[in-house]
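Engineer: Here are the chains, one letter per residue:
2 protein chains.
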Amino acid sequence: MTALGESDTLPSVGQRATRSCEFTPAMVAQFATLVGDRNPVHLDADYAATTPFGAPIVHGMFAASLLSGILGEQLPGPGSIYLGQSLRFEAPVFVGDTVTASVEVVAVRAEKRIVTLRTECVREDGVRVISGEAVVKR
Amino acid sequence: MTALGESDTLPSVGQRATRSCEFTPAMVAQFATLVGDRNPVHLDADYAATTPFGAPIVHGMFAASLLSGILGEQLPGPGSIYLGQSLRFEAPVFVGDTVTASVEVVAVRAEKRIVTLRTECVREDGVRVISGEAVVKR
Chain A
2 MTALGESDTL PSVGQRATRS CEFTPAMVAQ FATLVGDRNP VHLDADYAAT TPFGAPIVHG
62 MFAASLLSGI LGEQLPGPGS IYLGQSLRFE APVFVGDTVT ASVEVVAVRA EKRIVTLRTE
122 CVREDGVRVI SGEAVVKR
Chain B
2 MTALGESDTL PSVGQRATRS CEFTPAMVAQ FATLVGDRNP VHLDADYAAT TPFGAPIVHG
62 MFAASLLSGI LGEQLPGPGS IYLGQSLRFE APVFVGDTVT ASVEVVAVRA EKRIVTLRTE
122 CVREDGVRVI SGEAVVKR
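In order, the protein sequences belong to chains A and B. The first sequence begins at 2 in my numbering and counts up by one. The second sequence begins at 2 in my numbering and counts up by one.
Honestly, the hints are just simulated from the structure, not real lab data. Treat the hints with care, since some could be wrong.
[Unchecked claim] Which residues of chain B face chain A? A partial, calculated answer using Cβ under 7 Å:
#1 Q31
#2 G37
#3 D38
#4 N40
#5 L44
#6 A46
#7 A50
#8 G61
#9 S69
#10 G85
#11 V107
Using N, Cα and C, we set each Cβ at its ideal position, and we do this for glycine too.
Model the full assembly from the supplied sequences, consistent with the hints where possible.
Structural biologist: And the structure:
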């Protein structure tokens with residue numbers, strides 16, 4: 002690990018990074034157990050059929066955690082510390098959907114080493130499911 | 002499942018719910034793999050020793066997911082749909098810490114069935130680690 006070298010590098014406004022993930026039923030069940038959220042809208046097809054969505058949906062915080070992965074592994078990358086995240090859950094992610102998350106640097110306060118990024122997640126059919134903003138210390 | 006019965010019940014302003022979780026190294030490793038965030042600040046003690054925290058910290062989104070568990074299982078409870086969440090990560094959660102998350106209803110829009118809750122997570126030593134607000138449809 003080259004902690005000092007990495008932490009010296011600040012990103013620039015306009016830099017972007019992206020990644021995609023397919024949310025399988027097994028992954029959703031694992032997330033439910035790990036974080037302790039067994040809301041039947043995520044796990045029970047019979048229950049979900051009675052909701053406006055009609056089918057099980059992925060936990061919002063699971064889909065949003067894709068953003069954490071980009072921030073921690075790609076941009077700004079390893080060593081980043083989360084200071085804040087706003088999340089608007091705009092549309093459902095159905096179990097089995099593939100979601101593409103992306104982040105774009107919108108502000109850099111070099112003296113404080115604080116980076117603000119626009120964050121969003123989009124379903125494979127083009128519908129935006131999450132929007133918001135992340136603040137990270139680098 | 003009694004979906005209709007449950008969804009008829011709206012909580013009241015001032016209602017609270019809480020839960021605690023110990024974040025073990027195994028759980029943090031599992032979260033890292035599941036969401037794809039292998040930032041060494043969470044997983045690598047040698048790396049973490051070079052950071053201001055000095056030891057591995059829990060992913061912010063993992064600690065925040067405790068809130069999702071309360072909302073989805075306790076208050077407002079099963080059937081709740083996340084519309085939004087703001088998160089300020091105010092202090093680190095170290096791997097091995099026990100965190101208590103709590104939510105309190107601060108507004109209810111009965112006609113839209115939208116509930117707003119103040120959300121926070123506190124370490125066992127009393128330090129608040131996450132603050133923010135959740136908006137949920139019931």
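Engineer: Would you mind marking each hint as holding or not holding in the structure?
Structural biologist: Hint by hint, here is what the structure shows:
1. With 7 Å as the threshold, the beta carbon of Q31 of chain B comes within range of chain A, its nearest partner Cβ sitting at about 6 Å, so the hint holds.
2. For G37 of chain B, the interface hint holds, since its Cβ comes within 7 Å of a Cβ in chain A; the closest pair sits about 4 Å apart.
3. About 4 Å separates the beta-carbon of D38 of chain B from the nearest beta-carbon of chain A, less than 7 Å, and the hint is met.
4. Because the smallest distance between the Cβ of N40 of chain B and any Cβ of chain A comes to about 3 Å, under 7 Å, the interface hint for this residue holds.
5. The beta carbon of L44 of chain B is not positioned within 7 Å of any beta carbon in chain A (closest approach about 10 Å), and the interface hint is therefore violated.
6. Given the 7 Å rule on beta carbons, the hint for A46 of chain B is violated: about 11 Å separates it from the nearest Cβ of chain A.
7. A least Cβ separation of about 9 Å between A50 of chain B and chain A goes past the 7 Å threshold, and the interface hint is therefore violated.
8. About 4 Å separates the beta-carbon of G61 of chain B from the nearest beta-carbon of chain A, less than 7 Å, and the hint is met.
9. The interface hint given for S69 of chain B holds, since its Cβ lies 4 Å from the closest Cβ of chain A, which is under the 7 Å cut-off.
10. Because the beta carbon of G85 of chain B sits about 5 Å from the nearest beta carbon in chain A, less than 7 Å, this interface hint is met.
11. Hint on V107 of chain B is violated. Least Cβ distance to chain A is approximately 17 Å, over the 7 Å limit.
This entry does not satisfy hints 5, 6, 7 and 11, going by the numbered hints stated previously.
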